[in-house]
Amino acid sequence: MSALVSVIVPTHNRAQVVVRAMNSVLEQTWRPIELIVINDGSTDDTAQVLESARTRVIAAGVEPLFITKPNGGAASARNAGLRAARGEYIAFLDDDDLWRPHKLERQLAAMRECGADACCCFVSRHGGRHKRSPATDDALLRGRDAARFLSRGAYAHITSIVFKAALCPVVGEFDESLRVYEDEEWKARLVHEASFAAVPEELATYTFSEQALTRFTGTEAAQRRDHDFMRHLNLIRERCHSRAGWSEQAWKERAAHVYDECAKHLLYRGDLKGARALYEQGISLCGPIMALPKLRSKLRKAWWLSWLGLRPRHPKLKTGQERG
1 MSALVSVIVP THNRAQVVVR AMNSVLEQTW RPIELIVIND GSTDDTAQVL ESARTRVIAA
61 GVEPLFITKP NGGAASARNA GLRAARGEYI AFLDDDDLWR PHKLERQLAA MRECGADACC
121 CFVSRHGGRH KRSPATDDAL LRGRDAARFL SRGAYAHITS IVFKAALCPV VGEFDESLRV
181 YEDEEWKARL VHEASFAAVP EELATYTFSE QALTRFTGTE AAQRRDHDFM RHLNLIRERC
241 HSRAGWSEQA WKERAAHVYD ECAKHLLYRG DLKGARALYE QGISLCGPIM ALPKLRSKLR
301 KAWWLSWLGL RPRHPKLKTG QERG
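For the sequence shown, my numbering assigns the number 1 to the initial residue and increments by one for each residue that follows.
Since the hints were made in silico from the structure, they are not lab data.
Just so it is clear, the structure is predicted and the values come from calculations on it, not from any experiment.
Hints should not be assumed to be uniformly reliable.
[As the list claims (entries may be wrong)] Using 20 angstroms as the maximum straight-line C-alpha spacing, the simulated SDA-like pairs for lysine to any residue come out as follows:
#  : residue 1 : residue 2
1  : LYS252    : ASP226
2  : LYS164    : ASP145
3  : LYS294    : HIS241
4  : LYS164    : PRO32
5  : LYS69     : ALA47
6  : LYS252    : TYR181
7  : LYS164    : GLY153
8  : LYS164    : SER177
9  : LYS252    : TYR268
10 : LYS69     : ARG54
11 : LYS164    : LYS294
Make a model of the complete structure from these sequences and hints.
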């Protein structure tokens with residue numbers, strides 16, 4: 001008998017969008033499937049839309065489990081799904097993402113072929129230019145290689161991952177105190193506990209929108225985002241340093257990237273002093289890893305711009321410089 005797969009779909013105020021994600025689960029060639037949709041405190045008609053879909057889900061040979069809870073964010077919703085899941089395998093699907101029909105079948109076959117605990121695949125981007133994640137075949141997670149994930153040399157989108165439910169006690173739940181990067185911190189624990197198989201096919205699609213770039217441009221929102229960016233980095237070290245496969249050097253390579261990004265965000269907000277302090281902290285922690293010497297030149301440029309009353313602008317948002 002085939003193994004039950006629990007598919008966890010968190011959703012909040014996306015009644016019409018979540019239906020498309022659910023349909024991509026119903027179209028899977030694998031059975032049996034348990035479809036767990038977590039209505040995370042929606043104030044639209046999500047509850048009614050889910051209930052009206054129940055008969056159609058059952059008719060497709062999929063077992064529905066719809067859970068309504070107070071709004072708590074993505075981590076809280078995924079955790080509610082993990083606690084309710086009964087499957088031998090678990091997969092996550094965001095409410096605005098989609099799966100190709102053979103995704104689960106191909107991934108479970110790959111896992112069984114090599115005795116892996118988890119599996120990933122390529123994920124294509126919907127919206128903007130076509131882009132797949134990760135970009136190359138050798139960047140897919142394979143085997144036990146936590147160090148490559150930590151150093152950002154290998155990657156797996158959360159929508160691409162299928163894993164054995166038996167790993168849950170040792171991996172743990174998503175950190176609900178993180179509003180962003182909660183999936184990266186959780187995946188860092190997973191890659192230290194699981195051997196990975198990879199299917200080098202685009203079996204899922206994630207949705208990209210300009211809102212993803214602009215929602216953190218306000219000063220307070222950007223500060224919260226970067227606060228969680230730094231916290232996720234420190235939590236990875238705290239929770240993984242004693243696990244098999246930990247690499248301090250690989251973590252420092254990730255840390256250099258985080259310090260570089262957060263310092264650049266300070267430059268975009270005109271906080272040259274704060275960016276300089278963060279750069280010095282990064283150098284003290286990581287040493288002269290590639291990203292940080294490059295940041296030094298950006299600091300120098302920002303200093304010269306400040307004399308003209310200008311500051312750097314985020315290259316993905318607008319071109320040119322902004323008046324300070």
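Hints, one by one, checked against the model:
{"no.": "1", "hint": "LYS252 to ASP226", "result": "holds (17 angstroms)"}
{"no.": "2", "hint": "LYS164 to ASP145", "result": "holds (17 angstroms)"}
{"no.": "3", "hint": "LYS294 to HIS241", "result": "violated (28 angstroms)"}
{"no.": "4", "hint": "LYS164 to PRO32", "result": "holds (15 angstroms)"}
{"no.": "5", "hint": "LYS69 to ALA47", "result": "holds (11 angstroms)"}
{"no.": "6", "hint": "LYS252 to TYR181", "result": "holds (17 angstroms)"}
{"no.": "7", "hint": "LYS164 to GLY153", "result": "violated (24 angstroms)"}
{"no.": "8", "hint": "LYS164 to SER177", "result": "violated (25 angstroms)"}
{"no.": "9", "hint": "LYS252 to TYR268", "result": "violated (24 angstroms)"}
{"no.": "10", "hint": "LYS69 to ARG54", "result": "holds (18 angstroms)"}
{"no.": "11", "hint": "LYS164 to LYS294", "result": "violated (41 angstroms)"}
The earlier numbered hints that this structure contradicts are 3, 7, 8, 9, 11.
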